[in-house]
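Chemist: For the sequence shown, the positions run 7 to 339 when our numbering is used.
Bear in mind the hints are in silico, worked out from the structure with no lab data behind them.
Take these hints with a grain of salt, some might be off.
With a straight-line cut-off of 27 Å between C-alpha atoms, the simulated DSS-like cross-links for lysine-lysine are [said to hold, decoys possible]:
#1 LYS152 with LYS32
#2 LYS212 with LYS249
#3 LYS212 with LYS228
#4 LYS17 with LYS61
#5 LYS253 with LYS212
#6 LYS17 with LYS58
#7 LYS17 with LYS152
Label-pair ranges, simulated between beta-carbon atoms [to be verified]:
#8 ALA119 with ASP272: 49 to 57 Å
#9 ARG168 with LYS228: 40 to 48 Å
#10 ALA182 with ALA79: 26 to 34 Å
As the structure is a prediction and not an experimental result, all values here were calculated from the model.
C-beta atoms are modelled at their ideal positions from N, C-alpha and C, and glycine is treated no differently.
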Amino acid sequence: MTQQTHSFPLKSLGLSRSDAHDLFGKDRPRDRVLAHCWNGVPVYHGLIIDSKYHKTTGMLEVIHNDVRELAAARWLYGIGGYFPALRFHWTGLSWRGMASRVARIIFTDPISAAWPLPVTIPADEAGSEEMDIWAWQFRSGESLLKEIEEMPDGPDLDFHPRVTGTQFGWDLRIGAPTLSGPTFEVPMHAPESPLTDVVVHTIGEKYTGVFGIGEGEERDLKVGGAAASVSAGLARDTKLTVKSGNKSVIDNRSSAYLNSRLTTTDQWSFNVKTTAVDPDGGIDPAQLRLGSIIRVEERDDVWIDDGWTEHRVLGFSGSLDDPHTIKLTLETI
């Protein structure tokens, strides 16, 4: 959930006071969506949360968040719907199916007139997973979605913006387990590469073992873990907190965590120009998705090996100050 702020010069927009109030929802800001579009294609829809008006400059700062922010302030029942025996026990679903089940309740169920949002959610997918939630645990929708994402092979989630007629909405994309999207190939060795701010971080910090700390207290604490072979190097262990009392779950989570931290890795960061200023090598924001792969080719650098590297897009953004640079959050794979 990423909070952003954009500023609008109300005086130069030529809006009347009533028009400005209506456009930005002065009295009901959360009923408004701020849409970012590229050539008419939405790339982000943010729910307006707050605004700050600066009289001296006539600027209105609009503060907005992605739709998932609502999941942190919603439970599986509305006000008046709580009773201690209320239980949500789901079996026979995959983690993808669990994500659909939770999202459907949190975003689209008619729990109250002010509850449903125009979010398209995939059908439940069958599987062998189980979730058991009691009302008295007061688990927010966000805590449940995050738990599902963090499970072994848990899916990545993305609420992708869409426009249907005049209605703004979102399509829930559920990874398998990672999200997918179009692949882009970008040359870094070209005289005028579209890549900017390239940094290669070699991560030498690694572990040889993990204690998995599960649920329980004192002597009843559930503990598991994973250990690497002696050839992994000098013993350097860590611990991982796992929300489970099942030892096999704790061991599996510990093993997955350890496997990603056994060897030295490179993590890249960079931004990229849009096709508007670099038609040949840039990226079209309307085509970019969370889960897209950006392949980068390098040659003859003093540090980086020749060849291709691949980077999965975990997030992207832009700014009005520099509208032709896409700021990326990446995972080097």
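Chemist: Now tell me, hint by hint, if it's right for this structure.
Modeler: Hints, one by one, checked against the model:
1. LYS152 with LYS32: This hinted pair is violated, its Cα atoms lying about 32 Å apart.
2. LYS212 with LYS249: holds (23 Å)
3. LYS212 with LYS228: Measuring from Cα to Cα gives roughly 25 Å; hence the hint holds.
4. LYS17 with LYS61: holds (10 Å)
5. LYS253 with LYS212: It holds: about 24 Å lies between the C-alpha atoms, which stays within 27 Å.
6. LYS17 with LYS58: holds (15 Å)
7. LYS17 with LYS152: violated (42 Å)
8. ALA119 with ASP272: 49 to 57 Å: Holds, since ALA119 and ASP272 (Cβ atoms, about 52 Å apart) stay within the stated range.
9. ARG168 with LYS228: 40 to 48 Å: holds (43 Å)
10. ALA182 with ALA79: 26 to 34 Å: holds (29 Å)
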